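Colleague: Sequential numbering of the sequence shown, starting at 0, is according to numbering that gives the first Met the number 0.
Just so you know, not all the hints are guaranteed correct.
[To be verified] Mimicking DSBU-like on lysine-lysine, the simulated pairs with C-alpha atoms at most 35 Å apart in a straight line are:
(1) 150 - 35
(2) 238 - 150
(3) 65 - 338
(4) 67 - 150
(5) 65 - 150
(6) 338 - 238
(7) 67 - 45
(8) 45 - 150
(9) 45 - 65
(10) 35 - 45
(11) 238 - 340
(12) 45 - 238
Worth flagging that the hints you see were computed from the coordinates, not collected in a lab. Computed from a predicted structure; not experimentally measured.
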Amino acid sequence: MSIIGYVFHPSYLLHDTGYGHPESAARLESVMDYLKSSGLLDRLVKVEAHRATGDEISLVHIPIYKEKINLICSSGGGSLDADTILSTESCNAAEYAAGGAVTAVEAVMGGNVGKCFGLVRPPGHHAFADRGSGFCIYNNIAIAARFARQKYGLTRIAILDFDVHHGNGTQSTFNNDPATMYVSVHQSPHYPGSGSIDDIGIGGASGTKVNIPLPAGSGNAEYTSIYNDIVMPAVRRFKPELILVSAGYDAHRDDPLAGMKLTESGYAAIASRICILADELCSGKAVFCLEGGYNLDALARSVAVTFRVLLGEPAELEMAMEPLEYNFGAPDISGIIAKLKRIHHIE
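Generate the whole structure from the sequences, applying the supplied hints.
Modeller: Below is the structure:
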């Protein structure tokens with residue numbers, strides 16, 4: 000059985016977004032409490048996060064943006080937009096979140112663990128080179144990808160994003176990069192309004208960006224079909240040397256910020272397919288980084304399910320607690336699958 004690692008740092012809990020903000024420290028507290036009470040945490044190997052260096056952050060972000068973040072934090076806090084709040088401790092948290100993603104890559108590439116999950120916050124996939132947005136300050140997964148290429152000389156990296164929101168910052172970072180595949184399964188129409196099915200990358204990277212916009216109401220059956228019919232064949236054709244995962248759990252049926260119908264069983268199905276791809280193509284190397292997920296109980300259970308899949312065991316405990324899946328009137332996504340097959344030349 001593969002050794003599974005996790006990244007967590009106390010600074011993640013000190014990023015204060017203010018009263019009532021959905022992206023709060025309570026999210027990680029709920030996850031960590033559940034992992035402890037279920038006994039899962041004792042079976043994982045802790046990977047110590049380091050604070051991302053300026054050079055690591057500059058792999059994705061321009062220096063003046065980092066200076067702006069530092070100035071806001073040192074001045075008592077503020078905001079980058081209406082949703083993205085900074086407190087005095089947010090700089091530390093964001094640097095340790097990016098560093099946590101880098102450390103997870105080092106642990107997997109160095110063979111210390113087989114797979115690793117960065118339980119980080121703030122999240123990252125809406126952060127651009129020159130600005131943050133959508134609760135995100137630095138783009139943790141993008142920094143990890145650039146770091147992996149720089150340090151280990153990787154020529155093909157796949158980023159799989161199952162957060163309910165399109166990772167506009169991540170796609171922007173790699174939109175003209177043929178060596179980085181980006182696959183996003185997200186609700187549409189929904190924030191941030193990007194990630195159309197025809198958005199496949201530009202120039203020599205055309206075809207390496209696979210956007211899969213699904214209508215509200217999509218649940219376990221729809222996501223499983225998408226992974227079986229589109230994601231898995233597309234990733235197999237790309238043949239990545241490392242798989243990175245933007246793991247957002249806000250497509251859960253209980254999440255307050257979206258309208259999807261995934262349950263713990265659905266997240267187990269997604270994680271199992273990602274593990275199959277990693278084991279088949281990358282000698283098992285996969286790094287997950289936490290993105291969204293705003294119902295505390297659903298988030299904790301769904302992260303736990305993911306860890307159980309990584310450990311190679313059934314997730315019966317969490318599945319027994321999930322809501323009954325009465326997904327009457329589920330959308331017909333056959334047309335979306337057919338169009339994706341045409342666009343991306345999938346048999």
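Colleague: Evaluate each hint against the coordinates.
Modeller: Each hint tested on the structure:
Among the hinted pairs, residue 150 with residue 35 is consistent with the structure: their alpha-carbon atoms are about 34 Å apart, no more than 35 Å. A threshold of 35 Å between alpha carbons decides the hint, and for residue 238 with residue 150 the separation of about 19 Å falls inside it, so the pair holds. A distance of roughly 40 Å separates the Cα atoms of residue 65 and residue 338; the hinted pair therefore is violated under the 35 Å criterion. A distance of roughly 27 Å separates the Cα atoms of residue 67 and residue 150; the hinted pair therefore holds under the 35 Å criterion.
Taking the CA atoms of residue 65 and residue 150, the gap is near 22 Å; set against the 35 Å cutoff, the hint holds. A threshold of 35 Å between alpha carbons decides the hint, and for residue 338 with residue 238 the separation of about 23 Å falls inside it, so the pair holds. Restraint check for residue 67 and residue 45: satisfied, since their Cα atoms lie roughly 32 Å apart, inside the 35 Å limit. A C-alpha spacing of about 22 Å is found between residue 45 and residue 150, which places the hinted pair at or below 35 Å, so the restraint holds.
The hinted pair formed by residue 45 and residue 65 meets the criterion: a straight-line CA distance of about 28 Å does not exceed 35 Å. For the proposed pair residue 35 and residue 45, the alpha carbon gap of about 13 Å is at most 35 Å, so the pair holds. Restraint check for residue 238 and residue 340: the C-alpha separation of about 18 Å stays at or below 35 Å, so the hint holds. Under the criterion of a C-alpha separation no larger than 35 Å, the hint pairing residue 45 with residue 238 is consistent with the structure, at around 29 Å.
Violated hints amount to a single one, hint 3; each of the other numbered hints is respected by the structure.
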